[in-house]
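**Student:** The primary structure of each chain is shown beneath.
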Amino acid sequence: MVILIVQTVILALLATLVAIWAARFPHPAPWLRPFLSPRRRWPEPEIRGWLRTGRFHPRFLEFFNRDPERTPPAQAGLVAPADGIVTSADVREGIRYFVIALSFWDMHVQRSPATGKVVAIEPSGDGFMDGEGRDFAFLREKHCPVQTRILLDTGEYGILAVRLITSLAARRIEVWPKVGDTLTRGQRLGRILLGSTVVLEMPEGCCLRVQPRVRVRAGETLIATGAPQ
Amino acid sequence: MKTFLWSQGHIGWPSLAIVVFSVLCLLVTDAVWRTVKTSARSVLLSAGFIWAMGVIAIFTISLHWPPT
Numbered sequence: 001m002v003i004l005i006v007q008t009v010i011l012a013l014l015a016t017l018v019a020i021w022a023a024r025f026p027h028p029a030p031w032l033r034p035f036l037s038p039r040r041r042w043p044e045p046e047i048r049g050w051l052r053t054g055r056f057h058p059r060f061l062e063f064f065n066r067d068p069e070r071t072p073p074a075q076a077g078l079v080a081p082a083d084g085i086v087t088s089a090d091v092r093e094g095i096r097y098f099v100i101a102l103s104f105w106d107m108h109v110q111r112s113p114a115t116g117k118v119v120a121i122e123p124s125g126d127g128f129m130d131g132e133g134r135d136f137a138f139l140r141e142k143h144c145p146v147q148t149r150i151l152l153d154t155g156e157y158g159i160l161a162v163r164l165i166t167s168l169a170a171r172r173i174e175v176w177p178k179v180g181d182t183l184t185r186g187q188r189l190g191r192i193l194l195g196s197t198v199v200l201e202m203p204e205g206c207c208l209r210v211q212p213r214v215r216v217r218a219g220e221t222l223i224a225t226g227a228p229q
Numbered sequence: 230m231k232t233f234l235w236s237q238g239h240i241g242w243p244s245l246a247i248v249v250f251s252v253l254c255l256l257v258t259d260a261v262w263r264t265v266k267t268s269a270r271s272v273l274l275s276a277g278f279i280w281a282m283g284v285i286a287i288f289t290i291s292l293h294w295p296p297t
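From first to last, the protein sequence lines stand for chains A and B. Numbering of the first sequence is given in my numbering, commencing with residue 1 and proceeding in unit increments. Numbering of the second sequence is given in my numbering, commencing with residue 230 and proceeding in unit increments.
Watch out, some of these pointers could steer you wrong.
Computed list of chain B residues with no C-beta within reach of chain A, every gap over 10 Å [as the list claims (entries may be wrong)]:
(1) F233
(2) P243
(3) L245
(4) S268
(5) R270
(6) F278
(7) I279
(8) I285
(9) A286
(10) I287
(11) I290
(12) S291
(13) L292
(14) H293
(15) P295
Examples of chain A residues lying across from chain B (beta carbon under 10 Å, computed) [unchecked claim]:
(16) I10
(17) V18
(18) L32
(19) I95
Derived CB-CB ranges, DEER-like [claimed, not checked]:
(20) B:S271 <-> A:W31: 23 to 29 Å
(21) A:Q75 <-> B:G277: 53 to 59 Å
(22) B:S268 <-> A:Q75: 41 to 47 Å
(23) B:V265 <-> A:T8: 46 to 52 Å
(24) B:P295 <-> A:N65: 56 to 62 Å
(25) A:L51 <-> B:W294: 52 to 58 Å
(26) A:N65 <-> B:S268: 33 to 39 Å
Calculated from the structure, these hints are not laboratory results. Since we're looking at a predicted model, the values are computed, not measured. Even for Gly, the Cβ is constructed at its ideal location relative to N, Cα and C.
Could you build the full structure based on these sequences and the hints that come with them?
**Tutor:** So this is what it looks like as structure tokens:
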């Protein structure tokens with residue numbers, strides 16, 4: 001009788017494991033998540049499902065809201081304002097638009113590319129988009145983007161602008177400094193909640209150190225050197 | 230076969246072993262599929278082969294158990 005009870009307990013335990021596994025499939029079972037890389041731990045379809053329902057896995061939110069310390073490089077130059085992949089660095093009317101695409105698994109706290117004074121913070125929604133036109137690929141790709149443009153007077157590099165862009169679905173951008181504050185290179189600038197793009201507008205004369213499709217780290221990767229001519 | 234499925238008032242050990250082995254195979258296959266960069270087809274084929282070998286081994290051992 002004791003053996004039968006032990007066997008029944010074993011079978012019940014196995015049935016529970018299989019039921020949990022089947023209920024989560026194709027997403028990973030909870031006991032497997034800690035051993036997977038972030039991309040496999042929280043697959044994109046699962047995150048998109050959470051976006052629709054607004055109910056996120058608490059461990060994912062904890063991961064998403066991480067804010068690690070960063071050490072700027074010793075060499076002078078502009079550092080990346082965000083973590084992500086560089087998608088383009090096109091020049092238009094003397095301004096280079098350095099575009100960084102963030103994925104769901106990238107760290108979402110942005111940092112100042114150079115030491116400078118905040119001269120303006122321009123929050124804007126779709127109206128600003130229409131005024132600007134949808135000529136920019138990084139704006140055209142977004143569905144009703146919401147953006148905040150932070151202008152920095154850096155002296156050496158002139159006026160730099162960091163655009164934090166998100167979609168209407170996420171629409172939350174936090175900017176921590178105020179107009180008149182002085183930021184050091186690599187200092188925290190703000191955060192896009194579930195946002196996707198950061199654009200650094202810099203003078204064309206800056207010498208680019210990274211090319212598109214390269215992964216950069218906020219506050220650490222040197223992206224441009226040399227004051228504009 | 231009677232002792233395989235039911236023996237002395239409890240589930241036969243070989244059948245229980247096959248159930249435990251099958252569930253472990255399923256969960257390990259899922260873990261391998263998620264962590265190893267290979268096609269799902271090759272993972273399924275490998276898992277199927279290992280599962281079949283395991284079941285044959287358990288069945289064979291049960292036929293010759295206890296050793297005389």
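**Student:** Looking back at the numbered hints, which does the structure fail to meet, lowest number first?
**Tutor:** Numbers 3, 19 and 23 - these are the hints that the structure violates, sorted from lowest upward.
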